[in-house]
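Here is how the chains run, residue by residue.
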Amino acid sequence: MSIKETLEKKILHSVEKPARYIGNEYGAAEPKEKASIRFALAFPDLYEVGMSHLGFKILYHVLNSMEDVACERVFAPALDMAAKMNEHSVPLYSLESFSPITEFSFFGFSLQYELSITNVLYMLELSGVPAFSKDRAESCPIIVAGGPCCVNPEPIREFFDVIFIGESEESLPLFIETYKSCIASGEGRQAFLQKAAGIEGVFVPLYSQSAKRAYIKDFAKAPFPALSPISNIEAIFDRAMLEIMRGCARGCRFCQAGYIYRPLRMKPLETLLDQGREMLAQSGYNEISLCGLSSTDYPYCGSLIQAFTEEGRVKASLPSLRIDTPDLKLIEKSVSSLTFAPEAGSQRMRDAINKNLSEEQILSVAQQAYEMGCKRLKLYFMVGLPGESDEDAYAIADLANLILANSQKPKLPHSLALSVSVSCFVPKPHTPFMFNGQLSREALSERIAAIARRLYKKIKLSYSDPASSVVEAALSRGGSEACAAIYEAYKAGAVFSSWSEHFDYSQWEAAFLKAGLNLEEYAQRSFSYESELPWGYIDIGIDKEFFVSEAIKAREGICTPSCFESCSACGISREGKCSFEV
Amino acid sequence: MKYRLSYQKNDSMIYVSHLDLQRIFQRSFRRALVPVEYSTGFSPHPRFVYSPPLPLFVSSACEFLDFESIEGKADDIQKKLANALPKGIAINSLAPLGEHEKSLKALLYRAEFHIMLEGAANAKNDDLKLCYELAEMPFEKIGKKKKAVVTNLKQGAGSVRFEAGAACVSVYAELDASFDKLVRPSAFAQTLCEQLEPLKGAAVASIRKIGLIQAP
Numbered sequence: 001m002s003i004k005e006t007l008e009k010k011i012l013h014s015v016e017k018p019a020r021y022i023g024n025e026y027g028a029a030e031p032k033e034k035a036s037i038r039f040a041l042a043f044p045d046l047y048e049v050g051m052s053h054l055g056f057k058i059l060y061h062v063l064n065s066m067e068d069v070a071c072e073r074v075f076a077p078a079l080d081m082a083a084k085m086n087e088h089s090v091p092l093y094s095l096e097s098f099s100p101i102t103e104f105s106f107f108g109f110s111l112q113y114e115l116s117i118t119n120v121l122y123m124l125e126l127s128g129v130p131a132f133s134k135d136r137a138e139s140c141p142i143i144v145a146g147g148p149c150c151v152n153p154e155p156i157r158e159f160f161d162v163i164f165i166g167e168s169e170e171s172l173p174l175f176i177e178t179y180k181s182c183i184a185s186g187e188g189r190q191a192f193l194q195k196a197a198g199i200e201g202v203f204v205p206l207y208s209q210s211a212k213r214a215y216i217k218d219f220a221k222a223p224f225p226a227l228s229p230i231s232n233i234e235a236i237f238d239r240a241m242l243e244i245m246r247g248c249a250r251g252c253r254f255c256q257a258g259y260i261y262r263p264l265r266m267k268p269l270e271t272l273l274d275q276g277r278e279m280l281a282q283s284g285y286n287e288i289s290l291c292g293l294s295s296t297d298y299p300y301c302g303s304l305i306q307a308f309t310e311e312g313r314v315k316a317s318l319p320s321l322r323i324d325t326p327d328l329k330l331i332e333k334s335v336s337s338l339t340f341a342p343e344a345g346s347q348r349m350r351d352a353i354n355k356n357l358s359e360e361q362i363l364s365v366a367q368q369a370y371e372m373g374c375k376r377l378k379l380y381f382m383v384g385l386p387g388e389s390d391e392d393a394y395a396i397a398d399l400a401n402l403i404l405a406n407s408q409k410p411k412l413p414h415s416l417a418l419s420v421s422v423s424c425f426v427p428k429p430h431t432p433f434m435f436n437g438q439l440s441r442e443a444l445s446e447r448i449a450a451i452a453r454r455l456y457k458k459i460k461l462s463y464s465d466p467a468s469s470v471v472e473a474a475l476s477r478g479g480s481e482a483c484a485a486i487y488e489a490y491k492a493g494a495v496f497s498s499w500s501e502h503f504d505y506s507q508w509e510a511a512f513l514k515a516g517l518n519l520e521e522y523a524q525r526s527f528s529y530e531s532e533l534p535w536g537y538i539d540i541g542i543d544k545e546f547f548v549s550e551a552i553k554a555r556e557g558i559c560t561p562s563c564f565e566s567c568s569a570c571g572i573s574r575e576g577k578c579s580f581e582v
Numbered sequence: 001m002k003y004r005l006s007y008q009k010n011d012s013m014i015y016v017s018h019l020d021l022q023r024i025f026q027r028s029f030r031r032a033l034v035p036v037e038y039s040t041g042f043s044p045h046p047r048f049v050y051s052p053p054l055p056l057f058v059s060s061a062c063e064f065l066d067f068e069s070i071e072g073k074a075d076d077i078q079k080k081l082a083n084a085l086p087k088g089i090a091i092n093s094l095a096p097l098g099e100h101e102k103s104l105k106a107l108l109y110r111a112e113f114h115i116m117l118e119g120a121a122n123a124k125n126d127d128l129k130l131c132y133e134l135a136e137m138p139f140e141k142i143g144k145k146k147k148a149v150v151t152n153l154k155q156g157a158g159s160v161r162f163e164a165g166a167a168c169v170s171v172y173a174e175l176d177a178s179f180d181k182l183v184r185p186s187a188f189a190q191t192l193c194e195q196l197e198p199l200k201g202a203a204v205a206s207i208r209k210i211g212l213i214q215a216p
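Protein sequence lines correspond, in order, to chains A and B. First residue of the first sequence: 1, per the numbering used here; consecutive thereafter. First residue of the second sequence: 1, per the numbering used here; consecutive thereafter.
Be aware that a few hints might be false.
[Stated by the list, open to error] With the Cβ distance kept under 8 Å, some of the chain A side facing chain B (calculated, not the full set): (1) Leu12; (2) Ile22; (3) Ile230; (4) Gly284; (5) Tyr285.
Derived by calculation from the structure, the hints in this document are not laboratory data. Every residue gets a Cβ at the ideal spot worked out from N, C-alpha and C, and that includes glycine.
My request is simple: use the sequences and hints to build the entire structure.
Here it is as structure tokens:
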């Protein structure tokens with residue numbers, strides 16, 4: 001019985017959301033029977049999550065646009081499905097042709113968050129592929145990783161044969177061409193890996209000593225998927241995603257994406273209008289999201305929204321809204337529900353993280369939004385930022401309380417439902433805060449509890465679990481010794497750890513202990529400015545000296561202006577002048 | 001102008017729920033560039049009338065969707081739509097709906113389902129028929145007040161016919177399938193396997209809605 005038959009006859013009737021596992025979406029690539037290279041592109045989370053990821057769609061498009069290459073999708077099956085697959089001896093398979101992973105040349109994972117790493121091991125085991133690179137045979141698919149977690153390859157280096165650093169739209173095709181030529185000349189796996197190590201943006205743990213991240217220089221011409229597979233069941237983000245810009249000019253000191261995707265690049269308005277219209281027409285979506293790290297910095301953001309929404313019944317949305325957005329009304333036609341991220345409560349902390357926002361700005365925008373008809377306002381904050389005191393945490397509650405109190409002054413017919421979301425800061429590599437250790441779990445919990453006590457009862461508070469942030473912190477700045485801890489955690493049953501219902505701190509704590517590490521201490525360790533960092537051999541394009549100077553400025557509460565105002569000489573402009581003209 | 005689309009739900013579309021199917025149709029019409037009438041109000045949505053929800057895992061040869069469009073020719077709409085639908089939804093017909101034609105609510109009464117049962121090798125047609133005539137078909141479900149309610153599925157069933165083959169038993173059952181009253185074919189199949197001695201131990205292999213029964 002084929003995999004598909006087994007699924008239909010034995011498995012799908014008894015699992016939750018069977019449509020996750022059967023493919024057949026509009027826009028999915030037809031299996032290319034004559035393709036000489038088969039690439040299984042994997043997202044180590046559930047179908048609905050992976051199908052919502054823009055980077056995944058771009059790479060699927062890039063690979064399938066190559067002649068001779070067939071790229072097929074693979075997602076992590078939920079636990080009920082995995083149990084059924086094991087019961088009926090069905091290995092992990094691709095959604096396009098229902099082929100077992102071992103039939104592919106490559107098995108590539110998109111690593112978007114640290115806790116998804118055990119799902120990679122889970123998917124490798126379901127595929128029958130050894131977890132460690134050193135145990136893989138010549139005929140085994142080459143296991144590849146990419147995505148933001150890869151800017152520190154150390155904690156994952158033993159699991160992957162190849163790790164892509166930076167943006168891989170251009171380096172991936174080069175990598176595949178290298179493989180093709182190796183196959184043509186009869187060279188084996190090791191010879192290919194040695195050659196691949198020479199490609200910019202490719203790190204081969206076995207052969208590379210260092211790597212420089214790759215990025216798209218001519219962003220206007222970046223590969224663009226007009227049509228990606230459209231999920232038959234509802235994806236988390238079920239809409240057209242138009243990437244209007246990449247990188248960010250703001251320089252918030254906690255934000256890894258703000259540094260690793262530098263320089264800021266924006267697509268021309270005409271290109272975006274054409275691409276957005278094509279996407280909407282081909283997909284049939286009635287919503288388009290204008291994606292970017294700080295979309296409202298795009299000078300013609302309002303024009304884009306206007307153009308897309310006036311043509312038919314289309315809604316435009318923005319993933320992020322800065323408080324200093326010049327004209328709220330232009331951006332958000334319907335302001336009934338808005339989300340802002342002041343990130344810190346006190347001015348001192350906002351300066352330390354370089355948020356470049358004053359309390360007056362926050363209060364006035366919140367009030368303006370409310371008077372424009374905003375009924376639900378959500379504010380995002382972080383606790384545990386370097387240099388944060390108890391008073392800084394209290395200031396979060398005070399600021400939210402003040403916003404609510406202000407909204408009660410004018411007598412408007414509607415009231416403001418204010419909610420505050422607090423997450424725990426996780427120090428990340430390639431940011432000015434990479435030297436700092438994480439605050440302890442107890443201290444994080446106490447700060448959150450203090451905020452909860454001070455907040456007015458009418459304000460709804462939600463917060464992230466400090467325990468999972470500790471594991472994230474341990475992994476994000478981990479060294480190669482964390483590989484063993486990850487493996488132990490997986491063996492102890494840690495899968496889908498980024499889902500709160502599956503996350504078990506004790507599993508991770510025990511796993512780190514088995515690997516000879518104390519989890520909390522590991523997350524809390526700080527590095528001196530002079531020390532060799534575990535990820536120090538990865539050249540992201542930004543000088544370490546710049547991060548050190550930013551870390552010192554953070555300590556002193558000095559802001560760095562955004563790249564729009566003046567160049568902060570981070571080092572990226574050596575590679576190509578930053579230009580912010582559209 | 002009002003139109004009636006008759007379509008089939010086949011293959012892997014049987015794993016797609018009614019709610020997801022509605023999203024699929026809305027997108028398919030947009031992809032096909034077939035402009036449809038929208039409801040008015042705060043959150044306008046296409047004025048689509050669907051057949052009652054088909055349960056998961058049940059395929060169908062006869063599902064319906066009524067819609068309004070200012071687009072002219074039914075043939076053109078059908079062609080455009082056929083290219084925009086995902087595989088597994090096949091169009092039977094698309095035709096303008098006359099003023100005096102029955103609404104879906106009035107049209108849909110009962111449907112004939114073909115239920116394939118596996119694992120009842122020794123069943124004989126006459127035995128099955130006799131057993132069914134004598135059997136009660138009690139099915140327990142959780143009612144609105146979260147209390148178990150037992151219903152007799154025979155009350156929602158018309159003629160039921162058995163065809164015992166070498167490996168499978170085919171059951172052709174006419175079951176209520178209107179907007180107000182419907183018998184879940186999977187519940188009917190499961191109860192058959194529980195209540196009919198020759199079908200004990202059998203399992204449902206597939207269920208397909210194969211035709212409509214007009215209201216008397």
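Do the hints match the structure? See the list:
1. At its closest, the beta carbon of Leu12 of chain A sits 6 Å from a beta carbon of chain B; the interface hint therefore holds under the 8 Å criterion.
2. About 4 Å separates the beta-carbon of Ile22 of chain A from the nearest beta-carbon of chain B, less than 8 Å, and the hint is met.
3. Hint on Ile230 of chain A holds. Least Cβ distance to chain B is approximately 7 Å, under the 8 Å limit.
4. Because the smallest distance between the Cβ of Gly284 of chain A and any Cβ of chain B comes to about 3 Å, under 8 Å, the interface hint for this residue holds.
5. Of the supplied interface hints, the one on Tyr285 of chain A holds, with its beta-carbon coming within about 7 Å of a beta-carbon of chain B, less than 8 Å.
The earlier numbered hints are all upheld by this structure, with none contradicted.
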